[in-house]
Amino acid sequence: MQDREQQWAADMRAAQAGSGEAYIRLLNSVSTSFRQFAALDLRRFGLQPSDVEDVLQEILLAIHLKRHTWRADHPFAPWLRAIIRHKLVDFVRRRRRRGELPLEDFPDIHPVAPVEPSFSTPLRHLLGDLPRRQREVVEELGLGGASVADTAMKLKMSRGAVYVAFHRGLAALSARFERDRS
Amino acid sequence: MNTQQLIHTLASDLQTGAAGPARSRPRWLRLAVMTGLASLASFAAILLLLAPSPHLAHGPSATIGFSALAGAALAAGAFWATLKLSYPEGRLGLGWLLLPLGILLLGLGLEMSDAPSSSWSARLWGASPAACFLCVTALSLPILAAVLVALRNGAPTHPRLCGAMAGLLAGGIAAALYTLHCPENSLLFVASWHVLAVLTVTIFGALAAGRWLRW
Chain S
-6 MQDREQQWAA DMRAAQAGSG EAYIRLLNSV STSFRQFAAL DLRRFGLQPS DVEDVLQEIL
54 LAIHLKRHTW RADHPFAPWL RAIIRHKLVD FVRRRRRRGE LPLEDFPDIH PVAPVEPSFS
114 TPLRHLLGDL PRRQREVVEE LGLGGASVAD TAMKLKMSRG AVYVAFHRGL AALSARFERD
174 RS
Chain R
3 MNTQQLIHTL ASDLQTGAAG PARSRPRWLR LAVMTGLASL ASFAAILLLL APSPHLAHGP
63 SATIGFSALA GAALAAGAFW ATLKLSYPEG RLGLGWLLLP LGILLLGLGL EMSDAPSSSW
123 SARLWGASPA ACFLCVTALS LPILAAVLVA LRNGAPTHPR LCGAMAGLLA GGIAAALYTL
183 HCPENSLLFV ASWHVLAVLT VTIFGALAAG RWLRW
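So the sequences go chain by chain: S and R.
Residue -6 is where the first sequence starts when you use the working numbering, and the numbers rise one by one after that.
Residue 3 is where the second sequence starts when you use the working numbering, and the numbers rise one by one after that.
Check each hint, because a few of them may be wrong.
Capping the alpha-carbon separation at 20 Å, the derived lysine to any residue pairs in SDA-like fashion look like this [what the hints assert, rightly or not]:
(1) S/Lys147 <-> R/Leu49
(2) S/Lys59 <-> R/Ala124
(3) S/Lys59 <-> R/Arg32
(4) R/Lys86 <-> R/Ala70
(5) R/Lys86 <-> S/Arg74
(6) R/Lys86 <-> S/Arg18
(7) R/Lys86 <-> R/Ser14
(8) S/Lys59 <-> R/Leu96
(9) R/Lys86 <-> S/Pro124
Some but not every residue of chain S turned toward chain R, in silico, with C-beta under 7 Å [said to hold, decoys possible]:
(10) Gly13
(11) Ala15
(12) Thr62
(13) Asp66
(14) Ala70
Derived list of chain R stretches under chain S, where covered just means 3 residues or more per stretch with a C-beta under 8 Å from a C-beta of chain S [as the list claims (entries may be wrong)]:
(15) 5 to 16
(16) 77 to 91
(17) 156 to 163
Hint data in this document are derived by calculation from the structure and do not stem from the laboratory.
No residue lacks a Cβ here, since even glycine has one placed at the ideal position from N, Cα and C.
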């Protein structure tokens, strides 16, 4: 527990200083912890195993967009727990409001969530809603793993424009999450 | 998009984000600057649009002193509480409320022990309760709006509580500033109508934040 806190805090500090490698390690570690927690405790929140990755992705996006609210001289775990709880409660509430929660369908023993399920519908759906340029950039950089320079060349944009479109795309994604909820 | 791809997308956003929010000014400073600027606007409105309190001419009275002090104590405590709640893990603490309440009650006690009970009703109602109530409320609103704008950059997990604290902050400042104009000279009046205005702004803050501060 203590080790994990220290590792997370160290990785987040490095990430805030710009280390993508530390950030990926952190987000993967957080994902693993969340999946373990979800496998044990899912039912208490009235979620189905298929929801785990959806919630997780919203949590990761929230961590990303609010990463500046973690203070390096504060413990990381309480900050993370608060964000997870916030997003989880939010997800469940939205679900209830839509009346999509077939509680009686819950199997007594549900399978542990698959490590890497194929596609998360909400994100893919949201991505499709983005303006064309932003979508292309997010797809190239994020999904295709292309470099900024390659993306700029391929889409005939300046590197600066690629940065901007990428940021806007991510911001729009989060705004859409927010809109979906209300 | 699967989760692994999302993580890599976020990581590349981290590296492209040279001017990302991580390098912005500390949150307390941002909040303080926004609060201060909006307070100046309210202060200017009082100086330019409203006549100075007739009681100021005789030097600061006990009423002005106690209500300005209570307002300032309220604002200081609420600033701290708002800031705390703007972080995801922030919890609400209300112990600080004892200070402004204590100041107000002390002043009230002094006034009431001095004034004959036959004058209490006149003190309570004053000449213009509705005007004072509306003025304090109106002067609070720009401050409340500025504080909420500053808070959008935060991550409150209890947005309504955070907004309520922002309302107390705005109301405290406005009530303290308004003593420069308030023509009434009774703390009983202040404790009723100004406090009612502050509570109204608190409710506004909670309602507005429930909409604006979601993330």
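Outcome of the hint check:
| no. | hint | verdict |
| --- | --- | --- |
| 1 | S/Lys147 <-> R/Leu49 | violated (60 Å) |
| 2 | S/Lys59 <-> R/Ala124 | violated (53 Å) |
| 3 | S/Lys59 <-> R/Arg32 | holds (16 Å) |
| 4 | R/Lys86 <-> R/Ala70 | violated (24 Å) |
| 5 | R/Lys86 <-> S/Arg74 | holds (16 Å) |
| 6 | R/Lys86 <-> S/Arg18 | violated (29 Å) |
| 7 | R/Lys86 <-> R/Ser14 | violated (31 Å) |
| 8 | S/Lys59 <-> R/Leu96 | violated (26 Å) |
| 9 | R/Lys86 <-> S/Pro124 | violated (37 Å) |
| 10 | Gly13 | holds (4 Å) |
| 11 | Ala15 | violated (9 Å) |
| 12 | Thr62 | holds (4 Å) |
| 13 | Asp66 | violated (12 Å) |
| 14 | Ala70 | violated (9 Å) |
| 15 | 5 to 16 | holds (count 12) |
| 16 | 77 to 91 | holds (count 4) |
| 17 | 156 to 163 | holds (count 3) |
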